[in-house]
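Those protein sequence lines, which keep their order, are chains X, F, P and G.
Letter 81 of the first sequence, counting from 1, is numbered 81 in our numbering, and no numbers are missing.
Letter 131 of the second sequence, counting from 1, is numbered 1131 in our numbering, and no numbers are missing.
Letter 31 of the third sequence, counting from 1, is numbered 2031 in our numbering, and no numbers are missing.
Letter 68 of the fourth sequence, counting from 1, is numbered 3068 in our numbering, and no numbers are missing.
Source of the hints: derived by calculation from the structure; they are not laboratory data.
The structure displayed is predicted, hence computed values, not measured ones.
Backbone N, C-alpha and C fix where the C-beta goes; we use that ideal spot for every residue, glycine too.
All the pointers check out, no bait thrown in.
Reference listing, derived: stretches of chain X covered by chain P, where coverage requires no fewer than 3 residues with Cβ under 8 angstroms from a Cβ of chain P: (1) 50-56; (2) 114-123; (3) 127-137.
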Amino acid sequence: MDIRVQQEAFDYGAECGRFGQGDGQAGAVVTFLGLVRGSGGLSRMEIEHYPGMTESALAKIAAEAEARWSLADVLIIHRHGPLAPGEAIMMVATAARHRKAAFEAAEFLMDYLKSRAPFWKKEFGADGAEWVAAKDEDEAALDRW
Amino acid sequence: MDIRVQQEAFDYGAECGRFGQGDGQAGAVVTFLGLVRGSGGLSRMEIEHYPGMTESALAKIAAEAEARWSLADVLIIHRHGPLAPGEAIMMVATAARHRKAAFEAAEFLMDYLKSRAPFWKKEFGADGAEWVAAKDEDEAALDRW
Amino acid sequence: MIEVLYFAWVRERIGLPREKVATNAATVAELVEELRAREERYALAFSDLRALRVALDQRLSDFSAPLEGVREVAFFPPMTGG
Amino acid sequence: MIEVLYFAWVRERIGLPREKVATNAATVAELVEELRAREERYALAFSDLRALRVALDQRLSDFSAPLEGVREVAFFPPMTGG
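Chain X on its own, in the form it takes in the complex:
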């Protein structure tokens, strides 16, 4: 398990290249990459988080996924601070014996990250700055698990 909360950029390709491969146990790797969209005149984004709680919330979510889907490995990287359109915000990766487990675990992690990890996004655009509102559908997505 590898959990990283950081301001610096990360190299998605390099992380994918070294994740979950080579031990011959995993047959399936799924990764998710979240990017800042440039739509709607967005000029930048800032992500605030709750140091301490963030790390423990992510570790708890990852441990739950690892146990529930018997993952061979799990990775979460989430950035905070200022971000420009096109930049990577975060990634998750899961490795499992079969594809169903790898997909489900990655979606589970994303659903929980969206509404249970203490991050808050603020968007800066032509019309000023605005905190991103939580979506009902993100809360509803948790019911699946």
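For this one, chain X is given, so just place chains F, P and G on it according to the hints.
Structure of chains F, P and G alone, referenced to chain X:
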């Protein structure tokens, strides 16, 4: 759209690193990597395919996913020929505005690849060689779409 | 003394990221009442509890939870990670 | 003349990957009957049609499909890609 059917190895990390990013349109990228598992005394695998039909079947599946989930980009790489445990068999990648579309499209591609693209796996182990049997659950997975 | 933290627009409305609060409140809800009574900016930040979440010692909790033994209370809007 | 292709264990049982077949069969099922009648190895390969799939000119089809205008027929077991 990028579809490749090849015997040579591919660099999963490098493919992830250059897929679907940078245009500011996609907010979500999902990738799937399929690996040869070393379990059950497997010494090697061979994948046979149907040249011509393989490429058109993959292009058709990818075009369907692209249209249905409004994908910003889609990639399928599938190898054939001899493969050792731990080696990458194939990958798919999807880029979309939101995570739900990227995940669903990647799972759709995998479900169709499993039982509608003309590939056949043969496993070589301590007890000889055996063609991998199609699983009922793989056929059933198509009902979701 | 309890350490009280504010995040996102709760932090912006109140105007500070954290403060120490002397309180005898038995529950989170009672603490919120005390804070609301302080000043307009607190009343504004806590005007709609349905729009807020609370964590006690860095674990998600709720407004009816007891404060006994708690060292750190955080108030923030629904999270928007990922 | 129709080009007939065999893949995976169908290819192994019949012992060749492709052959040209002169036939007047109207459907895939009729072609299968003709092939079965040829030799034991064909009869064996086509002993259980439920275990087989067929493609006509590189598109998945079924055993009741007509052969008129078809240039390439492929027989193979259920696919196991991914």
